[in-house]
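Chain residues, written in single-letter form:
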Amino acid sequence: MSHATPADPARSTTPGRVYLDNGGRAPWHPLARQAFEQSLADGWADPRRLHAEGRRAARLLDAAREAIAAVLGARTQEVHLTPGHTASLHAAVASAAAARRRAGSAVVVGAVERAAVLHAARLAGGGSAGAGGVAGTGGSDGTAEAPGPVPVDRFGRVDAEAMAVAVRAPGVALAALQHANGEVGTLQPVGAVHDAARAAGVPLLVDAGASVGHVAVPDAWDLLAADPADWGGPAGIGVLAVRQRVRTVPVGPEDEDPWAPGGVSVPLAFAAAVALQAVESDRVAQEARRRALVERVRAEVARIPDVEVVGDPDGRLPHVATFSFLYVDGEALVTELDRHGFAVGSGSACTASTLEPSHVLAAMGVLTHGNVRIALDRSTTADEVERFLAVLPGAVARVREMLGVGGL
Amino acid sequence: MSDTLVDARGLRCPLPVIRLAAAAKDLPAGTELTVLSTDPAAKHDVPAWCRMRGHEHVGTREHRAGGSRDEDWDGWAVTVRLG
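Heads up: the sequence lines are chains W and H, in that order.
Per my numbering, residue 1 is the first one in the first sequence, and the count goes up by one each step.
Per my numbering, residue 1 is the first one in the second sequence, and the count goes up by one each step.
Where hints are given, some of them may not hold.
Selected chain W positions facing chain H (Cβ under 7 Å, derived; list incomplete) [what the hints assert, rightly or not]: (1) 165; (2) 284; (3) 327; (4) 331; (5) 349; (6) 362; (7) 381; (8) 401; (9) 402; (10) 405.
Think of the hints as simulated: they come from the structure by calculation, not from any bench.
Cβ coordinates follow ideal geometry from the N, Cα and C atoms, glycine included.
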C-alpha cells in the first residue's frame with residue numbers, strides 16, 4: 001500500500017501511474033467520499049432499530065433508495081439494495097425464474113452476458129452451477145435441455161430476432177440481456193428484446209452494470225441491475241430495481257430483506273446514491289468528453305499493424321475501448337504496459353485464472369489473444385490517454401520481438 | 001487429410017497461432033494445414049487469424065481422450081486452407 005499523497009484525494013494511485021482499468025471498479029467520486037464520511041457519523045446504527053439512532057440511519061437509507069430510484073426512472077419501493085452487483089444478478093435470475101416455475105425454468109440469455117448471469121441462468125434452468133466453462137455460441141455440448149445462449153455478431157451485438165424467437169419458446173421463465181457489454185462496449189438492443197419478451201409474457205432482466213452513470217438509463221426492463229462500483233461509488237453494495245408488476249419469489253432462507261439478508265451498510269448505500277447523483281449531474285458532458293477520447297484511441301490503435309479494434313464503432317459505451325493484437329501474449333503485454341506505468345485490463349486467457357479466454361471475445365469470433373481493454377474514468381485526462389497511445393506501439397513491438405514473430 | 005500438420009500441443013496462446021503462421025509462411029495458396037492444440041484459445045484464434053490473413057477456416061475437430069476414436073489427448077485439430 002502506497003501512502004503517497006496524490007493531487008486528487010479521490011484517487012490514490014501512485015503518482016506517475018495511469019489507471020485505465022476503471023470498468024466495474026472505478027475510483028470513488030469525491031462526493032461519494034464526503035457522503036460516506038457523513039453517513040459514518042450519522043448512519044452507523046442498525047436502520048431496523050426503533051431508537052433515534054436507528055431511525056436516523058433508516059432515513060439515510062430511504063434517501064439513498066429514493067435518489068437511486070429517481071435516476072433509474074423507478075419508484076423508490078422498486079429499488080432494492082444488495083451486497084453487490086454479482087449478488088444482484090444471482091438473486092434477480094433466481095427469484096424471477098422461481099416465480100414463473102409453472103411456465104418453465106429456462107432462462108434465455110445473450111452469449112456475452114456477464115458470467116454471473118450465465119451461471120445463474122444455468123443453475124435456474126436445472127444445469128449444474130459450476131460445470132464446464134461459460135459456453136459461447138456454436139458449442140457442441142449436445143445436451144439440449146436448456147436453450148443455448150443467443151448468438152452475437154462480430155461487434156458483440158445480440159441477434160434481437162433470434163432472442164425474440166427464443167423468448168417465445170415454451171418453458172421460458174426469464175430473459176436476460178445486458179444494456180451494454182462492459183468488455184467491448186457494445187450497446188445491446190434492449191428495446192426490441194423487451195418488446196418481444198413482453199409480448200411473450202416473459203420478464204426481462206437488464207444488466208446495466210457497465211452503463212449506468214455513463215449513458216442514459218434505458219426504460220426497457222422489468223428487472224434492472226446497476227453497479228455502484230462502476231459509477232464511482234463503493235464496492236460492497238449493489239442495486240436491483242424490480243418493477244412492481246414483476247413477480248419474484250425469494251429463494252434463500254427467510255429474512256426481513258430477501259435481497260440483502262441481514263441488511264446493507266447504510267454508509268455504503270448513501271455513498272453509492274450520492275455518487276450516482278453526482279455522475280448524473282454532468283453525465284452528458286462527461287459522455288461527450290470520453291467518447292471523443294475513446295474515438296481517438298480506437299483510431300490510433302488501428303494504425304498499429306495486425307490489430308483488431310473490437311466492439312461496435314458507433315452504438316457503444318463512451319468510455320470503453322478494446323483491441324486484440326495478433327501474435328501477442330496478452331499477459332506479457334499487460335505486464336509490459338504495467339512496467340511503463342499503465343494499468344489496463346485484458347480478456348486474454350493467459351491473463352485469467354483459467355485457460356479459457358474471454359467468452360465475450362470468443363462469442364464475437366474475434367482474436368482472443370493479445371487483448372487489451374481500457375475503461376476511462378471521469379478523472380482520466382486527455383494527457384494520460386496521449387501518454388498511453390505514445391507507449392502502446394512500442395510495448396506491442398517489444399512483446400512481438402520476444403516471441404520472434406517478425407514477418408509472419 | 002491436410003498437407004501439413006503443426007503440432008502445437010502443450011503450448012499456450014498465442015504460440016499455436018504463431019507456429020501455424022510460421023509453417024504457412026512459404027507454402028503456396030491452396031495448401032491445407034492442420035494445427036493440433038491443447039489450448040482452448042486456439043479454436044477461436046485460428047479462425048480469427050484466417051479472417052485477418054485471407055485464409056479459409058476449413059473446420060475444427062475436438063479430440064477427447066478415451067473418446068470413440070481412441071485418442072490419447074484432449075484438445076482441438078483446426079484445419080485451414082491458405083488463401
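### Query
For this structure, which hints from the list above don't hold up?
Checked against the structure, the hints that fail are numbers 1, 2, 4, 7, 8 and 9, while the rest are satisfied.
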